[in-house]
Amino acid sequence: MGTGKLKRTLSEEINESLVDSDFNLKGWVMHYRDHGGLIFIDLRDYAGIIQIVFDENISAESFNTAKKIKNEYVISVEGKVKIRPEGTENENLKTGKIEIEVKKIEILNECEVLPFQIEEESDINELIRLKYRYLDLRRKKMKDNLIFRSKFNFLIREFLNKNGFFDIETPFLTKSTPEGSRDFLVPSRLNNGNFYALPQSPQLFKQILMVSGFEKYYQIVRCFRDEDLRADRQPEFTQLDMEMSFIEQKDIMSLSEEMFALIFDKLLNIKLNLPIKIMDYDDAMESYGSDKPDIRFEMRLKTVSDIFGGSSLNVFRDCLSKNGVIKAICFKNGSNLLSRKDIDELVTVIKDFGGKGLAWTKVGKAEQRPKPAPFTNSSLLTVSAQGCKLEGGIAKFITEEEEKILIDRLEAENGDIIFYQADEKKVADTVLGRLRLYLAKKYNLIPESKFEFLWVVNFPLFEYSEEEKKIVAIHHPFTAPNEEDIKLLDTNPLMAKSQSYDLVLNGEEIGGGSIRIHKTELQEKIFEILSIKPEDARLKFGFLLDALSFGAPPHGGIAFGVDRVLMLVKNVDSIRDVIAFPKTQKAQCPLSDAPSHVRSEQLRELGIKLIEKDKLI
RNA sequence: GGGGCUGUAGUUCAGACGGUUAGAACGCCGGCCUGUCACGCCGGAGGUCGCGGGUUCGAUCCCCGUCGGCCCCGCCA
1 MGTGKLKRTL SEEINESLVD SDFNLKGWVM HYRDHGGLIF IDLRDYAGII
51 QIVFDENISA ESFNTAKKIK NEYVISVEGK VKIRPEGTEN ENLKTGKIEI
101 EVKKIEILNE CEVLPFQIEE ESDINELIRL KYRYLDLRRK KMKDNLIFRS
151 KFNFLIREFL NKNGFFDIET PFLTKSTPEG SRDFLVPSRL NNGNFYALPQ
201 SPQLFKQILM VSGFEKYYQI VRCFRDEDLR ADRQPEFTQL DMEMSFIEQK
251 DIMSLSEEMF ALIFDKLLNI KLNLPIKIMD YDDAMESYGS DKPDIRFEMR
301 LKTVSDIFGG SSLNVFRDCL SKNGVIKAIC FKNGSNLLSR KDIDELVTVI
351 KDFGGKGLAW TKVGKAEQRP KPAPFTNSSL LTVSAQGCKL EGGIAKFITE
401 EEEKILIDRL EAENGDIIFY QADEKKVADT VLGRLRLYLA KKYNLIPESK
451 FEFLWVVNFP LFEYSEEEKK IVAIHHPFTA PNEEDIKLLD TNPLMAKSQS
501 YDLVLNGEEI GGGSIRIHKT ELQEKIFEIL SIKPEDARLK FGFLLDALSF
551 GAPPHGGIAF GVDRVLMLVK NVDSIRDVIA FPKTQKAQCP LSDAPSHVRS
601 EQLRELGIKL IEKDKLI
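The first sequence lines up with residues 1 to 617 when you count with my numbering.
If you are wondering where the hints come from, they were derived from the structure by calculation, not from laboratory data. Glycine included, every Cβ here is placed at the ideal spot set by N, Cα and C. Be aware that one or more of the hints could be misleading.
Calculated cross-link-like contacts (lysine to aspartate or glutamate; reagent style DMTMM-like; alpha-carbon spacing at most 20 Å) [unchecked claim]: (1) K80 / E101; (2) K70 / E112; (3) K277 / D291; (4) K570 / E508; (5) K450 / D265; (6) K442 / D352.
Distance ranges between label pairs, derived from CB positions [what the hints assert, rightly or not]: (7) E248 / L6: 41 to 49 Å; (8) N336 / G310: 29 to 37 Å; (9) N414 / L114: 16 to 24 Å; (10) L6 / G164: 24 to 32 Å; (11) L591 / N57: 39 to 47 Å.
Between the sequences and the hints, there should be enough to build the whole structure, so can you do that?
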C-alpha cells in the first residue's frame, strides 16, 4: 500500500482549523512511543514536529506497519487532523493541540542504529558530530542556524540588489593576493611547476571591476587562508565582499549600517540605534588597549604617567625614563571579588599576555585616624579627599597627592582595585586591554544579550615590523592615506593615517575596508615606503597597477566576515556551528576524510614528487 | 612551533592505593502496555579503558612516547 494521492503538507501548515481534513505528511521519526494498542510518533520535517497516532481500530494494516518503525525511519503518512483529547495537549509543541490520525503509512526508508541521539542535551564529541555531520545537522539548533544563515544571505542580496549592486563572481584559481597570510596552492597540470593560489579575498578583482565601470559590486564569497585554526577561524570562510566607485568612507559606513539595521530588524526583531558610534584607532588603543574594543562595559584604561613623574617606585620611574607609560584600570568592586591569591594569580596571567608584572592597589574607605609616625612601612597611610584611600600592593609608594589624583582620574570607589602597567605604550595598552577582557569575562561584567556595534577609524597606514625590519602596511598596500596625511609620506610615513574602517561587534572584528588608491603615482610611492621594488610589485600584482593606469575611478569597499557575524548573532561559541561542513582544528574534514593521499598518477601529471618532510633542504 | 584541558560501552559520564566480575543514565535487542509526548514496566546484550612501549608478581590507573578532539599563544584581518 502506498501513499501519494494527496499532496505533501508540512507540519507547520497544519493547525486546528483543518480538523477532519486529510493530509499527507512525510518526514523522520523523531520519537516512537508504543503503548500496545496505540502508537505515537513525533514526526519531524524541516519545518517542525507533529504527533501522529496509530490506532489498530482505525487501520489495523497501518498499525501493523507502524510496529516495525524505529527512530529516524523516513515515513509517509495519510490521515485526518484531530483535536487531541482534553488533557493530552502538549504545550511544548506548536502543533501540540492537534494530531494526525493515520489511515495509511509507507515506510520510505529505514535507519541504522544512530551513533548518537539526535536531540542529545549534552555536548557530543565534536569529532563524532563532524564525522556524522548529516545527523548533527538534523538537530534543531544546527538546522536553525543554517536556515538563519540562508535568510541572512537572502536579505543581504535583496538589500544590495535594491541599492544597485551587481553580484559578480571572481576566480578561485588565481594568483596570490598581497594580504599577509599563507596561500593554499593548487598545482597546474597544464603548466607544470606553476601553482594557482586560492584567494584570501577577491581584493584585486573587485578593484578591477571598479576600473571596468560596474560601480557597485558585491559577492558572498568563499575565502581561503592557510593559517592555524581557532574557534572563530576556519581555513575557508565566507565574506560579504563589497566595492563601490565614486564613494567616500562615510557612504560605505552608512550603507553598512543600514544593512545591519535591516538584518537585525528583520531577523532578530532588534532595532539598532543608528548611526553606529565611531572611535579613532588611537582612542581605542588608549582607552581599551585594543583595535576592536568591547564597549558593552566600561573599565577604561587611563594614562597615569604624569602622576608618577616623581614616583618613589623604581619600576615606574625607570619605565618613564625610558619613554614608557604607566596605565591603569579600575576594577569595580575588585577588592571584594578577588582574594589575595586571585591577585597573585593575575600576575601569571599578565605574563602570558606579555606584561612584565602587575602592580595593584585596593581602594578602601578613608578613616579619620591619626597619621602614623613617619618612616613606618604601613600601607594604610594615605587618605584622599574623596573619602577613599589606597591600600595594599604598591600603596605605600604612593603619596597623598598622587593618590588623590589617581582616585579622581579612575573614578575609584571603596571596594575597587586599581591595576597598573608600566611599559612601552603599545605593550602597556594591549596587556591592560587583555586584562580588562579577562576580568570582565571571568567576573561576568559583560551583558551577554547586548549588541554593541562600533566603527574604528583612522588606522595608521603603516607600522614598523620588528620582525621584517621594515615598514609594512596595516591594512593592505592599496589603502589610501587620509588626504591631509599625504604630505607625511615624505617626512614621517608612520604618522600617516589611512582612510580605513573596521566594524566591531561586541569586541569582535566583523568587517573592515578602506578607500583605495586609484592613482598610479601615489601607489608607487606607497610601494617605495614599503620597500617593495617596482619589479616585485609588477610581478605580484602588475595587472592591478596596469588597470589603475587606464582611468580607474576613485573607489573603496568593505568586507564582512559572515561566519563571525552569524556566530555572534546566534550566540554560539564557534563559527563551526554556523557552517554546514567545517573542519577540525587540524583542518581536516572527518566526514569526507580530506585532505587525503592522491594516486601517484595524479601527482605525475602535475609534475609533483613527494619527499619526506625531514629530508627537505 | 608552544601552553592548557581531554580520550573508559553506540552516546554522555562515573570509577579505583596499582589487585576478584570496570559501573550509571540514555541508546540498542526481546517482551508487556489504548493517551503518551525524553511514555512506562520487566528482562537482556554490549568494553582492546585511544594506540605503542616501560616500571611491576600484576597497569584502565604510575612513567615515557604517540595519535586524535577542544581552548589559547605564536601565526592570521
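Review point. Is the distance from the Cβ of L6 to the Cβ of G164 consistent with 24 to 32 Å?
Key: Cβ of L6 to Cβ of G164: about 45 Å, so the range 24 to 32 Å is violated.
Review point. When you check the alpha-carbon spacing of K277 and D291, does it fall within 20 Å?
Key: 14 Å, holds
Practice item. Determine whether the Cβ-Cβ distance between N336 and G310 falls within the hinted range of 29 to 37 Å. Key: 32 Å, holds
Exercise for review: Verify the proposed pairing of K70 with E112, using a straight-line Cα cut of 20 Å.
Suggested key: 9 Å, holds
Review point. Do the Cβ positions of E248 and L6 conform to the proposed distance bound of 41 to 49 Å?
Key: 59 Å, violated
Review point. Would the pair K80 and E101 pass a check requiring their Cα atoms to be no farther apart than 20 Å?
Key: Cα-Cα ~5 Å, so holds.
Exercise for review: Mind checking the alpha carbons of K570 and E508 for me, to see if they're no more than 20 Å apart?
Suggested key: 14 Å, holds
Review point. Has the hinted range 16 to 24 Å been met by the Cβ atoms of N414 and L114?
Key: Because 58 Å falls outside the window, the suggested range is violated.
Review point. Has the given pair, K450 with D265, been kept, meaning a C-alpha gap of at most 20 Å?
Key: Cα-Cα ~14 Å, so holds.
Review point. Are the Cα positions of K442 and D352 separated by 20 Å at most?
Key: 16 Å, holds
Check your understanding: Is the gap between the beta carbons of L591 and N57 within 39 to 47 Å?
Key -> This hint holds: roughly 45 Å between Cβ atoms.
Hints 7, 9 and 10 from the list above are not met by this structure, while the remaining hints are.
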